[in-house]
Amino acid sequence: MASSRIQATARQLSKTFKKKTRFEIGIASELPLAYKKFWREWKVLKPAAVHFIPQEGKWRRDELTGETLPVQNVSLPLKHPAEIHEGIWGGEAVIKGFQKRDPQRRRVPHYWVPVLKRTVVKSEVLNTHLSVTVTDRTIKLINDHYGFDHYLLKTPACDLISMLALKLKKQILTELMNGCPRYMHDPAKQKTVYEEYKTYLTSYTPEEIEWYGLTWYEALSKVAKLKEAANRPVPIKNIYRKNLVEKLKAAEMENEKSATDDIATTTSWLSKMNPFGKKDEA
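Okay, so the sequence shown: first residue is 61 according to the numbering used here, each after it adds one.
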């Protein structure tokens with residue numbers, strides 16, 4: 061009886077205590093809202109279905125048996141190797157599963173890897189060509205968005221996945237925020253490019269662009285550096301030098317003021333001794 065009460069109390073206490081998130085532990089609690097917004101877009105939002113066709117509704121009817129079955133849009137478990145961050149795969153990844161190659165034998169593990177190819181893409185905002193590793197889906201998405209820059213700027217981070225794509229997106233946003241300085245030699249082209257892509261800046265603030273595309277380690281390092289710079293002690297010699305300069309300036313101003321007063325006094329005394337000066341009327 062006592063043990064059951066203890067277990068019930070423990071369950072109630074476990075419900076009252078909220079588990080801390082990664083943003084509530086250590087220096088991560090000092091991360092700004094701008095990075096939290098990017099993290100949610102990158103890691104929390106559900107990416108678009110790429111390796112399966114999602115079904116609409118909650119129920120479906122089997123065409124053969126007529127049985128009503130629940131709709132289960134369960135995404136496949138994907139593997140994201142380190143090489144995925146060196147290219148732009150368009151949301152594709154490595155699928156790990158099993159393959160039954162012979163009816164008389166057991167199934168064997170198998171990896172489905174997307175077909176990769178190297179191609180050249182052009183960034184109009186950055187005014188440069190890039191050689192990147194892509195998939196057929198990436199090329200299709202670039203064509204559907206009518207350009208490489210439009211594809212990066214319209215696609216959320218959860219679908220881009222690749223750090224290369226996120227870094228390029230941040231660089232494009234920074235370039236737009238600065239007014240496309242790479243086209244300074246051609247003002248007409250600069251205005252045309254800026255007018256075409258400036259609508260994407262409405263979704264971001266300058267602070268959000270600054271924190272966009274940073275990994276967890278890069279964000280923590282940035283916070284640590286900002287904190288260190290804010291709390292960096294000032295050397296005593298700098299304080300003494302500043303005080304000395306202020307004292308010298310004050311002494312110089314005092315000397316100039318006293319010299320001005322002496323000149324005024326001398327001028328007044330000479331004017332009194334001048335016999336040709338006009339006398340004050342009574």
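Since the hints were made in silico from the structure, they are not lab data. Do not rely on the hints blindly, as some may be mistaken.
What the hints assert, rightly or not - Below, in silico cross-link-like pairs of lysine to aspartate or glutamate (EDC-like), each with a Cα-Cα straight-line distance of 20 Å or less:
(1) Lys-177 / Asp-162
(2) Lys-214 / Glu-278
(3) Lys-285 / Glu-268
(4) Lys-80 / Glu-90
(5) Lys-227 / Glu-101
(6) Lys-97 / Glu-267
(7) Lys-103 / Asp-122
(8) Lys-230 / Glu-268
(9) Lys-182 / Asp-204
(10) Lys-97 / Asp-204
(11) Lys-287 / Glu-268
(12) Lys-258 / Glu-184
(13) Lys-227 / Asp-162
(14) Lys-177 / Glu-146
(15) Lys-230 / Glu-288
(16) Lys-230 / Asp-162
(17) Lys-282 / Glu-268
(18) Lys-214 / Glu-184
(19) Lys-230 / Asp-246
(20) Lys-287 / Glu-256
Bear in mind the structure is a predicted one, so any value in this text is a computation, not a measurement.
Quiz item: Of the hints given before, which are not true for this structure?
Solution: Those not satisfied are hints 1, 2, 7, 10, 13, 15, 16, 19 and 20.
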